[in-house]
Structure formats: structure tokens, C-alpha cells
Amino acid sequence: MDEKILEVRNLSVSFHTYAGTSHAVRGVDFYLNKGETLAIVGESGCGKTVTSKAIMGLLPMEQTEIGGSEGAEILFNGEDLLKKSENEMTAIRGSKISMIFQDPMTSLNPTMRIGEQIAESILIHNEISKADALKKALEMLEMVKIPNAAQRLKQYPFEFSGGMRQRAMIAVALACRPEILIADEPTTALDVTIQAQIMDLIGELQKELNMAVILVTHDLGVVASVADRIQVMYAGKIVERGSVDEIFYQSTHPYTRALLSSVPKIHTNNKETLYSLKGTPPDLIHPPTGCAFAPRCEYGMRICRNKYPETVKFSETQECSCWLHHPKADHSGLPENMVRGNR
Amino acid sequence: MEMVEKRTLPQENDQLDDQFERIGTEGLSGEDIGEKSLTYWADVWRRFRSNKLAIFGLVLLILVVLLLFVGPMVSGQNYQKIESGMKNQLPSKEHWFGTDDMGRDLFTRVCVGGRVSIYIGLCCTLVMFVIGSLLGALAGLKGGLVDDLIMRFCEFLGNLPYLIVVVILSVVLGRSTFSLIFAMSLTAWVGTTRMVRGQILQLKEQDYVQAARALGASTGRIILKHLLPNTMGIIMVDITMAVPGFIFSEAFLSYIGLGVRPPETSWGALASSGQMQLMFYPHQLFFPCVMIVLTILSFHLIGDGLSDALDPKLRK
Numbered sequence: 001m002d003e004k005i006l007e008v009r010n011l012s013v014s015f016h017t018y019a020g021t022s023h024a025v026r027g028v029d030f031y032l033n034k035g036e037t038l039a040i041v042g043e044s045g046c047g048k049t050v051t052s053k054a055i056m057g058l059l060p061m062e063q064t065e066i067g068g069s070e071g072a073e074i075l076f077n078g079e080d081l082l083k084k085s086e087n088e089m090t091a092i093r094g095s096k097i098s099m100i101f102q103d104p105m106t107s108l109n110p111t112m113r114i115g116e117q118i119a120e121s122i123l124i125h126n127e128i129s130k131a132d133a134l135k136k137a138l139e140m141l142e143m144v145k146i147p148n149a150a151q152r153l154k155q156y157p158f159e160f161s162g163g164m165r166q167r168a169m170i171a172v173a174l175a176c177r178p179e180i181l182i183a184d185e186p187t188t189a190l191d192v193t194i195q196a197q198i199m200d201l202i203g204e205l206q207k208e209l210n211m212a213v214i215l216v217t218h219d220l221g222v223v224a225s226v227a228d229r230i231q232v233m234y235a236g237k238i239v240e241r242g243s244v245d246e247i248f249y250q251s252t253h254p255y256t257r258a259l260l261s262s263v264p265k266i267h268t269n270n271k272e273t274l275y276s277l278k279g280t281p282p283d284l285i286h287p288p289t290g291c292a293f294a295p296r297c298e299y300g301m302r303i304c305r306n307k308y309p310e311t312v313k314f315s316e317t318q319e320c321s322c323w324l325h326h327p328k329a330d331h332s333g334l335p336e337n338m339v340r341g342n343r
Numbered sequence: 001m002e003m004v005e006k007r008t009l010p011q012e013n014d015q016l017d018d019q020f021e022r023i024g025t026e027g028l029s030g031e032d033i034g035e036k037s038l039t040y041w042a043d044v045w046r047r048f049r050s051n052k053l054a055i056f057g058l059v060l061l062i063l064v065v066l067l068l069f070v071g072p073m074v075s076g077q078n079y080q081k082i083e084s085g086m087k088n089q090l091p092s093k094e095h096w097f098g099t100d101d102m103g104r105d106l107f108t109r110v111c112v113g114g115r116v117s118i119y120i121g122l123c124c125t126l127v128m129f130v131i132g133s134l135l136g137a138l139a140g141l142k143g144g145l146v147d148d149l150i151m152r153f154c155e156f157l158g159n160l161p162y163l164i165v166v167v168i169l170s171v172v173l174g175r176s177t178f179s180l181i182f183a184m185s186l187t188a189w190v191g192t193t194r195m196v197r198g199q200i201l202q203l204k205e206q207d208y209v210q211a212a213r214a215l216g217a218s219t220g221r222i223i224l225k226h227l228l229p230n231t232m233g234i235i236m237v238d239i240t241m242a243v244p245g246f247i248f249s250e251a252f253l254s255y256i257g258l259g260v261r262p263p264e265t266s267w268g269a270l271a272s273s274g275q276m277q278l279m280f281y282p283h284q285l286f287f288p289c290v291m292i293v294l295t296i297l298s299f300h301l302i303g304d305g306l307s308d309a310l311d312p313k314l315r316k
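Going line by line, the protein sequences match chains A and B.
Letter 260 of the first sequence, counting from 1, is numbered 260 in UniProt numbering, and no numbers are missing.
Letter 86 of the second sequence, counting from 1, is numbered 86 in UniProt numbering, and no numbers are missing.
Chain A on its own, in the form it takes in the complex (with noise of 0.2 Å):
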């Protein structure tokens, strides 16, 4: 049995509004072991950032209703996070769990060197002089694979490609080795060819310094390669969640199939028309009472709108909530493989 960094519990995160309270995420666990690679996949809006952030603690506290009725538990090493003070957090924060974002080039400081980016977080976490934190930067800029490393040191971001700078930024995060690794779309904002080196480096690094890695992403391509596991978010809840094999090949939720089919495929021919999903994610200021997919979904049933769906274990990985592995569901014209040997 794998151990467990993480656990996340009956996580819900509200956001006070004008327009109301904006439920983003309604109730999610989740696990995370050590040295493993877990992806949150969703579409834009769907609480996958809210969560990473709120594991960091960096959502606004004024706006911000963590936890609900039931008491939500984000667990790290046995402790609650969200039960630590501002300062017990702030020390959390860089050294033990650490977060990349996604837009490299406005998460540098522009006023100040690479070098010292790189060293604040060294300096904030240990006690050293500014001398050898900055020999470590230089070894962290190197560990990321920055040519000339040493006068990369002493420049600013702006003299930075795009690229670099997010090499940039995970050598920032990585600079006091954590144990988790929250990417938060590192490479939505790069171009494919350099996507694919950050993600090789993410996973170099993540077995060098043996730490977990939350990928969350809306790209399925980065995923496939990286992640161990996948779970599948939608309206602020996982609906599916699986080793990376039993998503994308046995994924039982019609989510994740439209997910699914419509990344562009090799072989896929010219005069086909990609597919894509209709419709927009509910407004989580009223969400739906049933499945929040019913109104987008084509196998959709009259109880998906009214109940939501219980959660169906396939595997010891894979879990999925939806009305379809229900016994008295219609199962006519759906696609090959999806509901398997009904409980």
C-alpha cells in the first residue's frame, strides 16, 4: 500500500458574490500517495484551480467559505491544513508544498533578478546568508536545464522566453524540494513543442527529488504521458476518477467520453468533424440538484436531473458517478465498453 502525502476531504469552497454565494467546488475527496503524478482534468470553471488553491491556502479569506455544514478536512502528513494559522501556513507554503501557475510570463517579478526569484524562497525557508542561497538558485537554474546558467542568474525576467521562464518558475518552486508539487496549467500558455520539455522536466524533477505532483490541466495529451492518475471534475465534483489506463480506455462517465473524443486524433480523417461538446458548465451560484452534466448529456435520464448519482467502484482505481450503472438504465447506443459488469 502506497502511503498517503495527501487527503483531501469532503472539500467544498464557496465564494461569496454580488450575485450570490458561487458554490466551485461541492464536496471532493481525493488522495494523493507519495511520488505520484495525480491530474485534474476538467474544462474551464470547474473548480480545479479552487481546489489546488485552496490546499495552498491562497484563496481570499473574505470572499471565501471553505468546508460548509460538514466539516472539510485537507489533510498533509496527518495534519489539517485548514485548521493552521496564517503564519503556520506561510511556512507550509514554498517549503513543504509548492505551486507553479499557469501564465509564466507574469508570475516573475519583473523589478527583480532571476537569481533573487529563485533565492527568496530559499531564504524565506532556511536560515542562510544571501551568498549561499544564491549558489543554490544557480544550482536549481541548472538542475531546469538553463544554458549559461550563472549569467541567467543575474538577468530579468523580461530577457526570458517564455520557456525559460517557466523553467524559471519551477526552479523557484522547487528550490526548497517540497513534497508536493501543485501545477496549475504549467504548460497551457506555451507552445507544443515546449510543452512537451516542461512536462519531460516536470517528471525528471518529480523522481529526482521524489515528490507528488497535482497536474491539473484541461489538456488530456499532457496528461496521458505524466500522470498516474486522472480524476475527472465537472461543476465542482469528481465525476470519474481512474489509473491513467481505465480513463482512456474504460472511462465509464459520458464526460469524460466527450472529453475524450474530442482531442484531435492522428488518425483522425480530414472530412470528419471534431467533436465537441455542447453547451457550457452549469452556474454554480444555483447548481443543479441532480448530475450537473444532465443538460449537456445525450443518454441523459429523467432521475439524472432530480438525484445525483451515486458513486460506482469499477476498481481499486476507479470510481464513477453516474445514473448509467444504474441496473434499470437504458443502455441502448451507448458506446462500446462503457458499463461494465453492473453491481
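Since the hints were made in silico from the structure, they are not lab data.
Built from N, CA and C at the ideal position, the CB exists for glycine as well.
Check the hints yourself; a few may be wrong.
Stated by the list, open to error - Computed Cβ-Cβ distance ranges for the label pairs, DEER-style:
#	chain 1	residue 1	chain 2	residue 2	range
1	A	193	B	220	36 to 44 Å
2	A	44	B	148	27 to 35 Å
3	A	317	B	220	38 to 46 Å
4	A	196	B	153	51 to 59 Å
5	B	144	A	151	42 to 50 Å
6	B	130	A	285	37 to 45 Å
7	A	44	B	158	40 to 48 Å
8	A	79	B	144	24 to 32 Å
9	A	17	B	148	17 to 25 Å
10	A	191	B	21	35 to 43 Å
11	A	67	B	144	17 to 25 Å
For chain A, the structure is supplied; the task is to place chain B on it using the hints.
For chain B alone, kept in the frame of chain A given last:
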């Protein structure tokens, strides 16, 4: 046919022979970084330098400051020495700016008074800058109750009648340079706070501030390391425009008799005493006023040049 013959001419080929030897990438690496990187401030300085008026202002300011410190040494006069036989002299070889109604050398007094004026201007600006930017950053970053408290306090201070505050303070603290600085900087930071807060409200949504928080940086560190350096451009312009403002207020307060106390003097105090002699000895008012005008002009030219140089949109 002719072309082909031309190309094979032996003497031309001989000259180029060694150029065609294959050397690969020897001695070069594709990774070399060409130019030395230009820092933000080096770039600002480059743009500032190209602005002739701003450079004129800077040179003028340096000259004025030099005069204030070197002047008394060169003239060899004491600014406090009263010569009863030398009252109200016109400018002469011995007294370059003439003497005042008590027979003191006006040139030396203008120099010494100028130091006080500029000193007060700089001190007030420093206080304004430190309090204004820290409170503004705190209000902008923290938001909520902290923001409300700071901004309401600013409004309260901003609404106090300035002159009454200064009069009351000079009554309570006595007339001194310190009480003058205190009174003037008491309310001056309000504007800076508002300006910095506005800037921070924009900047705090930037990803690098989030990233810094994700690294475990504390609020203080975020303000000092990330937010203020990025608002420095606008603050710098505010500072250069504030110094002449304070010099002017000091002159005004000294002029109406609330400023520094004799025998200490300042440009405002000199102008005030010169004004009484205006009908007969206009030079006693003229010289302090010229110095005030030159100093303020130079600061304004510098401020103007800086605001152009610091504007990233004008960056080429």
C-alpha cells in the same frame, strides 16, 4: 561564358582560399548571451539622459546645491555676524548679494537658509514617502477592515484645515525646524497613501504576487520586495514633485512667521524680511526668491523628465 571565366580568375581565388577552410563550431557556443543586460534603472537613466530639459534641471539642481555648501566658504562671511555700519548695502565686491537691515551678509544667509529649506523639503518628502507607501501598500494589499481604517483616517487628516494644524502645532511644540517638519508631513502623506493604494490594488492581482504567496512570503516581504519596487516609478515622480512643494510651503510658512526661528533662517524667512524693505532695497527680496524659483524649477524639470523616463509605454 564571360561570367564563368571571371569566377575562376586565379588571383581572386587565392585571396579567399583560407576563408573556406572548415572550422565547425570551434570557439563559439550558440548559448552565449550577446549583450550585457540593461537593468530597469539603467534603461530609465538612458531615457532620462536623452531629455535635454530634464538634464538641464538636474545640472541646475546640482549647481544650486553646490552653491549652498561651497558658497559660504568662498565668500568668507559669517551668516550671523551683525555689522551695524553695513546695513542695507547694495551688492558689492565684499557682499555679493548686499546686506540685510541688520548688516548681515545676504549671500551667506541665502546659502545657509537654502540648506534649511532643502533639508526641510527632503525630510518631509522622506516621511511622506515612507508612511505613505507603507500604509498605502498595507491598505491595498490587506483590504477589508484594515483598508477602511487607513482610508478613513486619511480622509480625516486630509480634511483638517492645514494652516490651523500648523498654527496649533507650532504653539504646542514651539517654533523650530522639527515642529515645522512634523506639521508639514503630518498630513502630506495622505495623497501618497491614496496613490500607492490604487497602484497596489492593480498590482496585487498580478500572478507574481500570488506566486510569492505560494512560496510562503509574508505580507511585509510581499510589500517590500514585490509590490513597492513595481510602483517605484510612480512614487519617484511623486517624490520629485513633492520636494519643491514642501520647499514652497516652508517658504510660505516662514513668510507668515510660522517657520524657523531667527537667528536660523530659510529662504522663506529671508523673503519675509526682504519684503519689508521692498520699496527701498528690492534686492533683499529678489535674491531669496530667485533661489526658490531656480530650485523649484529644477525639481519640476527633473520630475517631468522622470515621469517620461519611467513610463514603460514610452519604452523603445
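**Prompt:** Between residue 193 of chain A and residue 220 of chain B, does the beta-carbon spacing fit 36 to 44 Å?
**Reply:** The hint (36 to 44 Å, Cβ to Cβ) holds, given that residue 193 of chain A and residue 220 of chain B are roughly 41 Å apart.
**Request:** May I ask you to test the hint 24 to 32 Å on the CB atoms belonging to residue 79 of chain A and residue 144 of chain B?
**Result:** holds, 28 Å
**Request:** Mind checking the hinted window 17 to 25 Å against the Cβ distance between residue 17 of chain A and residue 148 of chain B?
**Result:** holds, 20 Å
**residue 144 of chain B and residue 67 of chain A - C-beta distance against the hinted 17 to 25 Å** = holds, 20 Å
**Prompt:** CB of residue 191 of chain A to CB of residue 21 of chain B, is that within 35 to 43 Å?
**Reply:** holds, 39 Å
**Prompt:** Do the Cβ positions of residue 144 of chain B and residue 151 of chain A conform to the proposed distance bound of 42 to 50 Å?
**Reply:** Once the Cβ atoms are compared, 44 Å apart, the range 42 to 50 Å for residue 151 of chain A and residue 144 of chain B holds.
**Request:** Look at the Cβ atoms of residue 130 of chain B and residue 285 of chain A and judge whether their distance stays inside 37 to 45 Å.
**Result:** Holds, at about 44 Å.
**Request:** Kindly confirm whether 40 to 48 Å is satisfied by the beta carbon distance between residue 44 of chain A and residue 158 of chain B.
**Result:** Because 44 Å falls inside the window, the suggested range holds.
**Asked** Does the hinted range 38 to 46 Å hold for residue 317 of chain A and residue 220 of chain B at CB?
**Response** holds, 45 Å
**Request:** For the range 51 to 59 Å, tell me whether the beta carbons of residue 196 of chain A and residue 153 of chain B fit it or not.
**Result:** holds, 54 Å
**Asked** In this structure, is the beta-carbon distance linking residue 44 of chain A and residue 148 of chain B contained in 27 to 35 Å?
**Response** holds, 34 Å
Hint compliance for this structure: every hint is met.
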